[in-house]
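Student: This is what each chain is made of:
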Amino acid sequence: MTDDAPLLSLRDLVIEIRGRRLVDVAELSVARGQIVGLVGESGAGKSLLLSSILGLLPADATVRGSITFDGLELRGAPDRLLRSVRGHRIAVVLQAARAALTPTLRSGTWIERALVLHHVPAPERRTRIAHALDAVRLDPALLRRYPHQLSGGEAQRVAIALAVALRAQLILADEATSALDVTVQAEVAELFRELRQTEGTAVLLVSHDLALVAGLADRIDIIADGSIVERGGPGVLTNPQHRVTRELVTANPTLGRDAETPR
Amino acid sequence: MSGVRGDALRRSPAGGSTPSPAGLDRSPDEGLRLVARALLVRYPGTDPAAHPALALDDLQLAPGRSVALVGESGSGKTTALRALLGVIRPSAGTVEYGGTALDRLRGAAARDFRRAVQPIQQDVDGALDPRQSIGAAIAEGQRAGGGAGRDTAGVVERLLDEVGLPLSLARRHPHEVSGGQRQRAVIARALAVGPRLLLLDEPTSGLDATVQVRILELIERLRAQRGLGLLLVSHNLGAVARLCEETIVLYRGEVVERGRTRALLDAPRHPYTAALRRSVPEIGVPFRAPLGPSPGAASVVSRDGCRFAARCPHAVAPLCGSPQELVPVVNDAARVVRCVRAPELGALDPLT
Chain R
1 MTDDAPLLSL RDLVIEIRGR RLVDVAELSV ARGQIVGLVG ESGAGKSLLL
51 SSILGLLPAD ATVRGSITFD GLELRGAPDR LLRSVRGHRI AVVLQAARAA
101 LTPTLRSGTW IERALVLHHV PAPERRTRIA HALDAVRLDP ALLRRYPHQL
151 SGGEAQRVAI ALAVALRAQL ILADEATSAL DVTVQAEVAE LFRELRQTEG
201 TAVLLVSHDL ALVAGLADRI DIIADGSIVE RGGPGVLTNP QHRVTRELVT
251 ANPTLGRDAE TPR
Chain U
1 MSGVRGDALR RSPAGGSTPS PAGLDRSPDE GLRLVARALL VRYPGTDPAA
51 HPALALDDLQ LAPGRSVALV GESGSGKTTA LRALLGVIRP SAGTVEYGGT
101 ALDRLRGAAA RDFRRAVQPI QQDVDGALDP RQSIGAAIAE GQRAGGGAGR
151 DTAGVVERLL DEVGLPLSLA RRHPHEVSGG QRQRAVIARA LAVGPRLLLL
201 DEPTSGLDAT VQVRILELIE RLRAQRGLGL LLVSHNLGAV ARLCEETIVL
251 YRGEVVERGR TRALLDAPRH PYTAALRRSV PEIGVPFRAP LGPSPGAASV
301 VSRDGCRFAA RCPHAVAPLC GSPQELVPVV NDAARVVRCV RAPELGALDP
351 LT
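Taken in sequence, the protein lines are chains R and U.
If you're matching positions, the first sequence starts at 1 in my numbering and goes up one per residue.
If you're matching positions, the second sequence starts at 1 in my numbering and goes up one per residue.
Possibly wrong hints are sitting among the right ones.
Claimed, not checked - Taking CB as the label site, the calculated pair distances span:
1) U:224 - R:198: 44 to 54 Å
2) U:345 - R:96: 30 to 40 Å
3) R:73 - U:292: 52 to 62 Å
Claimed, not checked - Anything over 10 Å on all C-beta distances counts as not near chain U; from chain R, calculated:
4) 57
5) 58
6) 189
7) 241
Claimed, not checked - Derived, one-sided and incomplete: chain R residues facing chain U with beta-carbon distance under 8 Å:
8) 187
9) 247
10) 251
Quick caveat, the hints were computed from the structure, so don't treat them as lab data.
Heads up, the beta-carbon is just placed ideally off N, CA and C, and yes, glycines get one too.
Just chain R, same shape as in the assembly (with noise of 0.2 Å):
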């Protein structure tokens, strides 16, 4: 396993459910420390292609090609793996940052847990939680609390926290900074930029905000009825060739000083 591998590679993935193919990828990965923006609409396959790494199909979904990460087969590994690196070595931060966390746990108590059942021994624990407060600038006060105690942006960060104290190698963001506000998303979006840097984690950004996403990413996928359309850095924006694309990006405010207001 060199470093110029990908990290994580999909190769002729193809997912289906009750016949009907619902992802038709003939490849997608996302190299160590990079950034990789998913951007599609509802039904465009994004949650389902996230759950395939992860594991996480509905039963009656069959799954067909390859997916690596770190050199490990995923598909059809047995579950003793896929737990090893569900959540631990991949990361999962959600739309839904509140219902990630356990309600009836402190924050920090919901991180030491997850960091217990990972083995990450007792007083190693201890550095790794705070340095990740640090990576992610979250107060040390906001462990004590619970999840309804907590604001949206808060929480996202608390998950944030979690992926970095397990030296997560990537973070699947599902929509991560959708139901923020725009403030709050801008500093959640700047956080994944200085996470590259500081810790070399690679981000695979899932989202339907093509302008956030061309703002992070190294590269950007375009995902339609189940299959990549387009590729390419932040410049496939400026110059789009499938009709999807253009679409998304016509759909985008224009806040610049030629955009129409009424009078």
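Chain R is already provided as a structure; the job is to place chain U on it using the hints.
Tutor: Just chain U now, with coordinates in the frame of chain R:
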């Protein structure tokens, strides 16, 4: 603009009348005006020493006018909308429709208010009865608007067409249609009542980007064709820029800036408005990390001082620790800003 009532004024936290933006006051339709004056909302059970959920000196809605309330969670924008609908009673100040306080509207006047002022809620999924077909929901709106007995099927058909839904959708139930179609159905039902003012609370949140644009286009078209007045509560500055001529920026319950939308977005005067503007990602504009607070920000924060100081890149002691008043902006009669440093900082660059 009419004066603020004396008794309301004395209870106002600002302790004095603040200048209202001029030049945005041009609707002749006096009877259909929805006006909030010296509004103060404190929720029961909250600490009386804490800031109220909302303090809003002056807000005027009328057919043909469009006003946006923007700000983040906890800024008071939904509270303002509820007070304007009369579903919460302000702790001080008044909301009047056609010159009468909402809690004094009786009989025909009350019915007229409920017909003319229609809310479009944020939760599209919860806005329709899951057991009722979309056609039945629209027909119910028509009956509520006093149109019972008229050609209901014809009205439903016309409204579905007006909001861009196929006629076949009338027989469907909410769970059988897409989110965008559901929002169109909610709008059709509101139109069935015969409104003159629409109060929209985040009408496009949760919808796909391309669907959002089509809903905004619909609202824009309805506004023009029906001469509706709009109040848009949103954190989506793109929607605000598109639909509203005036914008009020709220931060933790108070107005920090208001003025014409275009001027306000192009050249924000309040650091919070600039931060909001900067946080909106735009294609072709490199990601701009939000500015952090100034090094001295923590020492500036005081209960009566600027509420944004803790996050403000321009906060300085002792200026920002003292009470902040809404003051007019030189050379822009429509603009007011609540920042003691505004004259010195000038127009803030929204992009850097």
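Student: State for each hint whether it applies.
Tutor: Taking the hints in turn, this is what the structure says about them:
1. U:224 - R:198: 44 to 54 Å: At roughly 51 Å between Cβ atoms, residue 198 of chain R and residue 224 of chain U fall inside 44 to 54 Å, so the hint holds.
2. U:345 - R:96: 30 to 40 Å: holds (38 Å)
3. R:73 - U:292: 52 to 62 Å: violated (43 Å)
4. 57: The claim stands: residue 57 of chain R keeps its Cβ more than 10 Å from every Cβ of chain U (closest is about 23 Å).
5. 58: holds (19 Å)
6. 189: About 7 Å separates residue 189 of chain R from the closest Cβ of chain U, which leaves it inside 10 Å; violated.
7. 241: holds (15 Å)
8. 187: holds (6 Å)
9. 247: holds (5 Å)
10. 251: Given a least distance of 4 Å, the restraint on residue 251 of chain R holds.
Checked against the numbered hints above, the structure violates hints 3 and 6; every other hint is satisfied.
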